[in-house]
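**Student:** Residue strings, one per chain:
2 protein chains.
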Amino acid sequence: MAGYYALPLELLAEQFAKLPGIGMKSAQRLAYFIISRPKEEVQAFADALLAAKRDIHFCPQCQNLTELELCPICADDKRDHGTICVVESPKDVTALERTGEYTGVYHVLHGLISPIDGITPDKLKMRELLSRIQKGSVKEVIMATNPTVEGDATAMYLAQLLEPLGVSVTRLAFGLPVGGTLEYADEVTLFRALENRTPLVQ
Amino acid sequence: MAGYYALPLELLAEQFAKLPGIGMKSAQRLAYFIISRPKEEVQAFADALLAAKRDIHFCPQCQNLTELELCPICADDKRDHGTICVVESPKDVTALERTGEYTGVYHVLHGLISPIDGITPDKLKMRELLSRIQKGSVKEVIMATNPTVEGDATAMYLAQLLEPLGVSVTRLAFGLPVGGTLEYADEVTLFRALENRTPLVQ
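Taken in sequence, the protein lines are chains A and B. Read in order, the letters of the first sequence correspond to residues 1 to 202 in this note's numbering. Read in order, the letters of the second sequence correspond to residues 1 to 202 in this note's numbering.
Just so you know, these hints were derived from the structure itself, not from any lab. It is possible that some hints are incorrect.
Pairs involving identical chains hold if they fit within one copy or between any two copies, as the list cannot separate such chains.
Stated by the list, open to error - Below, a list of computed lysine-lysine pairs in the DSSO-like style, where the Cα atoms sit at most 30 Å apart: (1) Lys18 to Lys125; (2) Lys139 to Lys91; (3) Lys39 to Lys139; (4) Lys39 to Lys125; (5) Lys139 to Lys78; (6) Lys25 to Lys91; (7) Lys123 to Lys39; (8) Lys123 to Lys91; (9) Lys135 to Lys123; (10) Lys25 to Lys123; (11) Lys125 to Lys25.
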């Protein structure tokens, strides 16, 4: 960029451009927007950035992100600590909690096995999951990784790792999305829906 | 949002969601991205935000944004201070400078007349333009507002205001696509538009 930009604006735009999905043009717009806001609002934004980075850490049990000593789900005595739902990321915990139906606890892997991207099992929070299960009170581990190649591979890898520990390992059911149509379902989903068909009248 | 979100993450996502063009879903992604960055990077982002807001002000002459006492263009003796190019926003100065052909100075209005949005002439930096011209050394004022209804109306309004002051008022040539914006015009189009500028009041 040439010198007719005010330097602090240019530097701010460069910071915005580092964010995923924000190009240089959008970054410049955002920088101009920041300049147009009251001082207190900009201060609040800067404070929120620093606070999030400073206060957020992994929950020592489930490895989800939290600002508390133990995350609210792990700290909740009313939840079933004998059932662990294994997910890829904190976003998945949010999605599952939104159903309001799951009463167990979670374990966040912070990634999926992907040798092409250099993500080997030791880079994920698997050791922490094993040590939770080795304590002995866990009865079931639900693999809730995404139905992708990496998600399936990670679920399979973990299942083989956990089997000798005498814990029941299950996988989320795959089939047609509720409200979806056969016409627009992809072949793999349809195949899985067929394979996992359930009796209608019991 | 429910309470299974870490509070500092939620607060950061809310700050991102205040930015134009960023919805709550993107804001959450950005908040997670911030958490994943090294502490120094987040600190640099926060510093850039505060520095931009703290150090940027209007140039006392052309009203463009600058961190210096006088913006680099107004401070440049080699430029023709007898020719003022009037634009809507700092982005337009950047676009015109990119042509590398304009040697005069600028005046940034910081908006266009738009009665529907409550933007009347007194809300724009017109008084500052008049006082620059009343000092007597300005020979030509080039109206380089966007070729839109508001841009044309603002140019016309200013032309009528400036005519009695004995200054020549011109308008960018309509090589610009009607309905487009200066910001996205290519250099050649902008240069032709500058070269073919025509008197607004004859």
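**Student:** None of the hints should be skipped; say for each whether it holds.
**Tutor:** Right, here's what the structure says about each hint:
1. Lys18 to Lys125: within (27 Å within a copy, 33 Å between copies)
2. Lys139 to Lys91: within (25 Å within a copy, 62 Å between copies)
3. Lys39 to Lys139: neither (54 Å within a copy, 39 Å between copies)
4. Lys39 to Lys125: Result: close only across copies, 21 Å inter versus 41 Å intra.
5. Lys139 to Lys78: within (16 Å within a copy, 80 Å between copies)
6. Lys25 to Lys91: Both. Shortest intra-copy (29 Å) and inter-copy (10 Å) distances satisfy the 30 Å Cα cut-off.
7. Lys123 to Lys39: So lysine 123 and lysine 39 pass the 30 Å test across copies only (20 Å; inside, 41 Å).
8. Lys123 to Lys91: within (19 Å within a copy, 45 Å between copies)
9. Lys135 to Lys123: within (22 Å within a copy, 69 Å between copies)
10. Lys25 to Lys123: between (35 Å within a copy, 27 Å between copies)
11. Lys125 to Lys25: between (38 Å within a copy, 25 Å between copies)
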